[in-house]
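Here is how the chains run, residue by residue.
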Amino acid sequence: MKKLRQLLHLPRVNEAKRYTRSKVGNFFYFFFLFAAGVFSLLPMIYCVVTSFKPLDELLVFPPTLFTVKRPTLNNFLALPDLISSLSVPLSRYVFNSIFIAVVGTVLCVIFSAMSAFVLSKTDIKHKGIIFTVIQFALLFNSYTLAIPQYIIYSTLGVINTYFVYLLPTLASSMGVFLMKQYMDGYVPDALIEAAHIDGADWFQIFGKIIVPIIRPCMLTLTLFTFLGLWNVGNAGTIFSEQLKTLPTVMATIATGGLARTGSSMAVSVIMMIPPILVYLISQSSIKETMGSAGIKG
Amino acid sequence: MIRKVKPKSLERLKERYAFMFISPWIIGMIIFFLFPIFHSIYLSFANLTIGTEGVLTEFVGSENYYKILVTDPEYLDNVLDAFKNIFISVPFILVVSMVLALLLNGKYKGRIFFRGLYFLPVIIASGSVLQLFLTAGSTNATEAAVSDAAGFNLIDFDAVLGGLNLPSFLEDYISLALSEIFMLVWQSGIQTILIIAGLQSIPDLHYEVARVEGANAWETFWFVTFPQLIRTMVLVIIFTIIEVCAANTNGIISAAYRKFNDIEYGVGSAMLWFYYIFVAAVMLIIFFIYQRVFVKKWGESA
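Read top to bottom, the protein sequences are chains P and L.
First residue of the first sequence: 1, per my numbering; consecutive thereafter.
First residue of the second sequence: 1001, per my numbering; consecutive thereafter.
These are computed hints drawn from the structure, not numbers from a lab.
A few of these clues could be false.
Said to hold, decoys possible - Some but not every residue of chain P turned toward chain L, in silico, with C-beta under 10 Å: (1) G37; (2) F136; (3) Y186; (4) F203; (5) C217; (6) L227.
To be verified - Which stretches of chain L does chain P cover? Using the computed rule of at least three CB atoms under 8 Å from a CB of chain P, they are: (7) 1017 to 1030; (8) 1036 to 1045; (9) 1191 to 1204.
Each residue gets a CB set at the ideal place from its N, CA and C atoms; glycine is no exception.
Here chain P stands alone, though its shape is the one from the complex (with noise of 0.2 Å):
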């Protein structure tokens, strides 16, 4: 195991790999980023600068859209007044909505992983039915699957409660298919099998080896999930307000009209907030993967 791992921690071959690129090469490359990148970020500036209008500026028409003449944050102080004529209050919803979030994530990445694990690199019964299964999964809207899924959340008597937004995320098509896919490609089978010889069983194998390769993997479906699950709403399934998430609470608001555009923009950039927390913790631990290291150096 030991003498595994240090092969595992090898240093890598070379670390500084750049195309030699001309100034101007340089320049470009960046101008083109840059204006790339303003570009599709245009609707995120336009939300932004909508939260900071006052009301006679928002319905000015035709619409000024990235220019606020007098910026002012009644758009947010008003949130604590919207939300105190909530029935239920707003840390509740907050706690919903993390929670929902992040054990949902938690399970779908696990579960993910180990059902990847087999599909890839046993040769488990009907595995080319599996993965078709899979695929065909892939496809669907969820709109298609809404009146038979409420006739199994009332069979198993779970209406009104977290395991509707918990339970879908075990069965979860997308999160195997990326990761089966990872594996296959980038999981030596060698390296399985120079584990096993050192030792190591089944759970340290998927621990200490498969792990750490899929890292890349796991991260970007962490970010793809957090995303479903920070947005769900509750396809009428939750009843009690007790129940609901964040999105629903913004449904609300935005509810009240024209008058509340600058409101419910306000609540939007808030609720941008996270999932750009989770991207960049994800996105900043991705390190190089380690399945090259690992047997053909």
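Got chain P; can you put chain L on it based on the hints?
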């Protein structure tokens, strides 16, 4: 290392634990996917009514399919539109995300910042914000205004295109792509991240060899990066097709959703099922091409 447990062969180990590892997922899949799927297929052949005793289903055979394919004047047009949409959006999204991923994968200071910049649209496009735009019915207005602000409408694209004497299908393609350029660019975020993850998994060693052998950047891309990225690309293509086809703004999906709201669940299910078969056919063709062309060309590495 001294072990007390007697060693087992790897195959025995696999047999023993494989089922344990995969069973939670399989149970979830059967309960939350397979059962609903078959139920939904059944519903597409049935008439669903909500009465005092709850939900009643009555088997009506192919009546729902007859309704959508023969009686409904819009349905087949919608399917054709969706088909066209695949060929417009998917290549565009692929190229944009590929270029962005290659640029963002470079090693320079502040790449996290740039990546963050490109990921923001994903948060917007997948999240409640877009929902807000849509519910306010202002998507078009917003988009139009945004593109005005970006100086897009200062150029009359149709006139420019007309002057180029391009074949008409190409002209249609370009003008459609331009009119949806914002949506398309915003949709490229997840693909970009997937491709970056793929790029990072290519061993540095291979680039090292390419450099030593004197390959330039172009050759390195086509002979080192691209062959190793094929697997990721197939994944990205499938993901993109699904994203494009299953978007809630899609004509068929929204038509079916309206049917669901009118409690015509059978007709709605039939609409979706016919459409899914169609999309699945497109994906099968792509898999076939992947197997035949790429796996053959690059062997196991693809």
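Evaluation of the provided hints:
no. : hint         : verdict
1   : G37          : 4 Å, holds
2   : F136         : 7 Å, holds
3   : Y186         : 5 Å, holds
4   : F203         : 8 Å, holds
5   : C217         : 6 Å, holds
6   : L227         : 6 Å, holds
7   : 1017 to 1030 : holds (count 11)
8   : 1036 to 1045 : holds (count 5)
9   : 1191 to 1204 : holds (count 7)
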